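Quick note, the sequences are listed as chains A and B, same order. Mind the numbering: the first sequence is residues 1 to 290 in our numbering, read in order. Mind the numbering: the second sequence is residues 1001 to 1290 in our numbering, read in order.
Honestly, I wouldn't trust all of these hints.
Unchecked claim - Some chain B residues judged to face chain A by a derived CB distance under 7 Å, without partners named:
1) I1004
2) N1026
3) E1031
4) N1034
5) I1039
6) C1085
7) D1112
8) G1113
9) V1121
10) C1126
11) C1137
12) T1146
Just so you know, these hints were derived from the structure itself, not from any lab. Remember, predicted model here, so these are calculated numbers, not experimental data. Note that CB positions come from ideal geometry on N, CA and C, so glycine has one too.
2 protein chains.
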Amino acid sequence: MTCIKKIKSNIDMWLENYFENKGTYNKKIYEAMNYSLNIGGKRIRPLLMILTYSMYKDNYKEIIPVAGAVEMIHTYSLIHDDLPCMDNDDLRRGKPTNHKVFGEAIALLAGDGLLSEAMNVIINYCSYKDIEAIEACKVIFNAAGTEGMVGGQTVDILSENKEISKEELQYMHKKKTGAIIKSSIIAGAILGKAPKKDINDLSLYGEKLGLAFQIRDDILDVIGTTEELGKQAKKDEIDEKTNYITVYGLEKCQYLCEKLTDECIDILNKIPKDTSKLKEITNTLLYRKK
Amino acid sequence: MTCIKKIKSNIDMWLENYFENKGTYNKKIYEAMNYSLNIGGKRIRPLLMILTYSMYKDNYKEIIPVAGAVEMIHTYSLIHDDLPCMDNDDLRRGKPTNHKVFGEAIALLAGDGLLSEAMNVIINYCSYKDIEAIEACKVIFNAAGTEGMVGGQTVDILSENKEISKEELQYMHKKKTGAIIKSSIIAGAILGKAPKKDINDLSLYGEKLGLAFQIRDDILDVIGTTEELGKQAKKDEIDEKTNYITVYGLEKCQYLCEKLTDECIDILNKIPKDTSKLKEITNTLLYRKK
């Protein structure tokens, strides 16, 4: 299996070339989309998709467009989340947020454009592939929508300045961040034509990883500095939002995160395939600093 | 062929039922999406798709989901266009705009949710249909994105408070409004398995109709009242935007609109099918009051 660094560099290359030389009178929108898409993202979702796929197939370059489309969806959600009417953030990945550079209107349209382009990429991909392609894309788009990311974001917005139950908090986290992470893994498995049993196991793995990822995010929000994170630290406290820290405290969160990661590794151990790369990225995510 | 009123009522019913009983903690987002989706739209795009399809097939109910998805795309674009950072409109279809009722953050997410849901509808539709479904959906999503609606909207935003050339104005209008109208017609023809020659003719018809539609919009913006239009009149003048009226004057615009409509009818006359319903809606659009 190819190393993670090499895969990431291929994803980066695909995304960097994607909007090159596009546009006429509308050139500005490609500039704005490109800015956020290629500002140094970790490419976690595409990597998870490709690493899962690579447990079953050798030719991972085949699915780079689908992986790239998921990164476009993730990027659109960041641009919209950062807007003044949402989280009102000035900094993302250590750089000014999209609307700080291009203005709110263009940033809004850049988000819309990235989501639309993700759909274009995927529908083009589906048009020359078999039924697995459509099934995988269904999973992704379901996770992006109102029963996934947009739904979680809605609950997040509604929860500002009020206390929410543990159930609602878990719902919010699972949907807001977890859904796309989980769907990237499931899509990778479906595209790799993994057996049904493995898809179920990987689905559970994805769910736990997504939750651990978001709890780690909450932890970093508290223990990290703005400089380290490349985005505003202590943001939830400022916005008076309920998160895992406010409900369970820092220590319990660290324990929960480690426990979930252990459970992830246990699931991967059960799958009769080379899961070493997925284990590597799982551990990296748990101990990440930003 | 079934009458236009009956088709519209079936589209309305599908859209009204679509979000019923959906959601748990995220219920608010469905409320917001539903509000704008079912506030009295004319359903022009789905009607054009179905009327075109019905020239070739009898079972138009088959494609209502695709037609409904296009209306979702159209509605998302209206919600985002109305936001304060875009056109900042308080009134749409005689009712308060989405953000006036639900706040900016939820309105933004409702737009994102509608675009995502359109994708869900379409990818589900494609999963049990033949290759024409994917081809038709490609046309729609291409028209919705940065080479279509989002691109036109970008040029529109960038043109505020400055003069633009006739070429740029035409580009903007073709993309902003025309692209989705044209794609609805082409998608209807592809789904109906129309012969290649007809698809080409209908494509030209769609292009001219889209342009006539937008010029009529510019005319109405000037001659209509806020009450008649159900939205702010004289909006382009207020925002100091270049439009067909500022470039060609009212009289020339009325002439252009009639000329384009005549050309539309001429094209329809050449197609060896019953084009009477498309002619009916073409004339209605030219003389519409809102």
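Each hint, compared with the structure:
Hint status for B:I1004: violated, given a least beta-carbon distance of 29 Å to chain A, over 7 Å. Taking 7 Å as the C-beta contact cut-off toward chain A, the hint placing B:N1026 at the interface holds, the least distance being around 4 Å. Checking B:E1031 against chain A: minimum C-beta separation of about 10 Å lies over 7 Å; hint violated. Violation of the interface hint for B:N1034 is found here, the shortest Cβ-Cβ separation to chain A being roughly 11 Å, above the 7 Å cut-off.
Hint status for B:I1039 relative to chain A: violated, with the closest Cβ pair at about 18 Å, above 7 Å. Contact between B:C1085 and chain A, as hinted, is supported at the beta carbon level, the nearest pair being about 4 Å apart and thus within 7 Å. A least Cβ separation of about 5 Å between B:D1112 and chain A falls short of the 7 Å threshold, and the interface hint therefore holds. For B:G1113, the suggested interface contact is upheld, since its CB lies about 4 Å from the closest CB of chain A, less than 7 Å.
Annotation: interface hint on B:V1121 violated; nearest CB of chain A at approximately 10 Å, more than 7 Å. Given hint, B:C1126 at the interface with chain A, holds; its Cβ is 6 Å from that chain's nearest Cβ, closer than 7 Å. This hint holds: B:C1137 has a C-beta 6 Å from the nearest C-beta of chain A, less than the 7 Å allowed. About 4 Å separates the beta-carbon of B:T1146 from the nearest beta-carbon of chain A, less than 7 Å, and the hint is met.
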